[in-house]
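Peer 1: The chain contents come next:
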Amino acid sequence: MKKTINIPLGSQHISLLEPVRFKFECENEKIIGVDADVGFVHRGVEKACTTSFKFDAIGYVVARVCGLCAITHSLTYTAAVEKLLGAQITSKAKYLRILLLELDRIHSHMLCLSHTCENAGFEAMFMRIMGDREHIMEIQELITGNRVQFDYISIGGVNRDLAPESVQKIKENLYIVKQKVQGYMDEFTNNWSLSLKFKGIGMLSLDDAYMYNAIGPLARASGLRIDVRNEIDYLPYHEVGYKMQTHTDGDINARNLVRLAELVNSIEMCENILNGLPEGDIFTKIKGKPQGEALMRFEAPRGELMYYIKGNGSAMLERVRIKTPTFSCIPAFSHIFLGGDYADAPAVLASFDPCMSCTAK
Amino acid sequence: MFTSFIKALANLFKKPQTIDYPVTPIAKDKEYRGLIEYGEESCIYCLKCEHACPPGAILFVPVENPSTNEKNKKGLAYNYNPYLCIYCGECVRACPKPEEALWQSNKKPDVAVKSDNVNSGWFELEKQHKEQL
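Chains as they are written, first to last, in the numbering used here: chain P, 1 to 361; chain G, 1001 to 1133.
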């Protein structure tokens, strides 16, 4: 007689924001088998990019893949096209691109931390972090002119210059958020609901992180030193004070602490950029049609984002392939659940910060 | 215990985080990315904005009574769909006479109602535009 029971988590579940299904095979409370299914919201973005839109409009199309990392998507695509066209962009545009990329990371990590709190049953902290996240959204609106869909990156540079009067406001908001993040660090290390409860839950060892191809904060929390910002020279990350943040525990608490440390580092980078922004143009006009193949990677808030594009010298591209961080991490996710309690599964899942709109694009 | 009691009391007299929306309007940034506006007198009908627009929210369609602008040799009329527009500003960048013929304001579009015929009216224009090509 069969001794195990199958319990699905999703595709609609109280702890999930987006549709994903994990089928757990449980023996009493322990999970002994996991099956993941992510294809619930396919939107055909890749196909649309090769059939309905010209190459210079696709930067705005792929920004709609994900609301949280919209800048990272459009930047990775744009950088790939610029590589094909052999374009050189000004250093001011490069620094502004890093600024927006880091603001993207800050507000995405804050969203993840607030959901971790919500899954721990700490609703008040969830509301606080979401309230503080508004400061970052305000900065993004000041710079790009919109709160969510930024449409800031264009082929050849960026769309808007930074107004001198808004720099002061941005610095003030960043300072407020920095103070708040110090407060969260205290809560996430000393508060029982957020630290001790999470210690030793959802473990991923260094060897397993390597073997199951974990990337992003999930890998860095296990001590795997992997970060695209450290590996590319396309954007001057080392000049703005980038430091890799790692932890060795590999549990939920470690992931939270890595994200908090990255928040602090990203805020510092933003401040450095604002203090030392070079003079110059923000946009260079680029002519030509993409011909050949290009591959570009960037560090999205959740890990490595990769774009492959293939052009044939006409305005329509032949192929656009998007490899998103959550999709690459699914083997690691499934491995982490094994051997854990079913009751911990929602909290473990929230700590991965899965982005389904990226995955099922 | 004591501190949390004081905090709870203080919270009763704190200003709320939210605003009283319909009474107090939302503060709008003056650099807000809003509607694209068009000056017919300065337009040279080069159709660069139409080609540059990513979602295709600008269409030049032939009409029976075209404007008296001498550059308008084909008898076209400018059509703009604010509900399709993503406010990216590519059309303004492509325009040879920005600020005079085409510019971006910080206004928001009105809420569309049924009588505006937003969908089928626009589909009709798209059809006419296709036939012209």
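Worth flagging that the hints you see were computed from the coordinates, not collected in a lab.
Treat the hints with care, as some may be off.
What the hints assert, rightly or not - In silico lysine to aspartate or glutamate, EDC-like type, Cα no more than 16 angstroms apart, as pairs:
hint	chain 1	residue 1	chain 2	residue 2
1	G	Lys-1107	P	Glu-141
2	G	Lys-1030	P	Glu-165
3	G	Lys-1030	P	Glu-138
4	G	Lys-1030	P	Glu-141
5	P	Lys-54	G	Glu-1050
6	G	Lys-1030	P	Asp-56
7	P	Lys-169	G	Asp-1029
8	G	Lys-1028	P	Glu-138
9	G	Lys-1108	P	Glu-141
10	G	Lys-1048	P	Asp-56
11	P	Lys-169	G	Glu-1050
12	G	Lys-1028	P	Glu-141
13	G	Lys-1028	P	Glu-134
Peer 1: Each hint needs a verdict: does it hold in this structure or not?
Peer 2: Each hint, compared with the structure:
Taking the CA atoms of Lys-1107/G and Glu-141/P, the gap is near 15 angstroms; set against the 16 angstroms cutoff, the hint holds. This hinted pair checks out: Lys-1030/G and Glu-165/P have alpha carbons roughly 12 angstroms apart, not beyond 16 angstroms. With a C-alpha separation of about 13 angstroms, the suggested pairing of Lys-1030/G with Glu-138/P holds against the 16 angstroms cut-off. Note on Lys-1030/G and Glu-141/P: the hinted pairing holds, with a Cα-Cα distance of about 11 angstroms set against a maximum of 16 angstroms.
Restraint check for Lys-54/P and Glu-1050/G: satisfied, since their Cα atoms lie roughly 13 angstroms apart, inside the 16 angstroms limit. Of the supplied pair hints, the one linking Lys-1030/G and Asp-56/P is violated, its CA atoms being roughly 28 angstroms apart against a limit of 16 angstroms. About 12 angstroms separates the Cα atoms of Lys-169/P and Asp-1029/G, which keeps this hinted pair within 16 angstroms; it holds. For the hint linking Lys-1028/G to Glu-138/P, the alpha-carbon distance of about 11 angstroms falls within 16 angstroms, and the restraint holds.
Using a Cα cut-off of 16 angstroms, the hinted pair Lys-1108/G and Glu-141/P holds, with the two alpha carbons roughly 15 angstroms apart. This hinted pair checks out: Lys-1048/G and Asp-56/P have alpha carbons roughly 14 angstroms apart, not beyond 16 angstroms. For the hint pairing Lys-169/P with Glu-1050/G, the CA-to-CA distance comes to about 36 angstroms; that exceeds 16 angstroms, so the pair is violated. Distance check on the hinted pair: Lys-1028/G and Glu-141/P sit about 10 angstroms apart at the alpha-carbon level, within 16 angstroms; holds.
For the suggested pair Lys-1028/G and Glu-134/P, the alpha carbons sit about 15 angstroms apart, so the restraint of at most 16 angstroms is met.
The structure fails hints 6, 11 (numbered hints given earlier, in ascending order).
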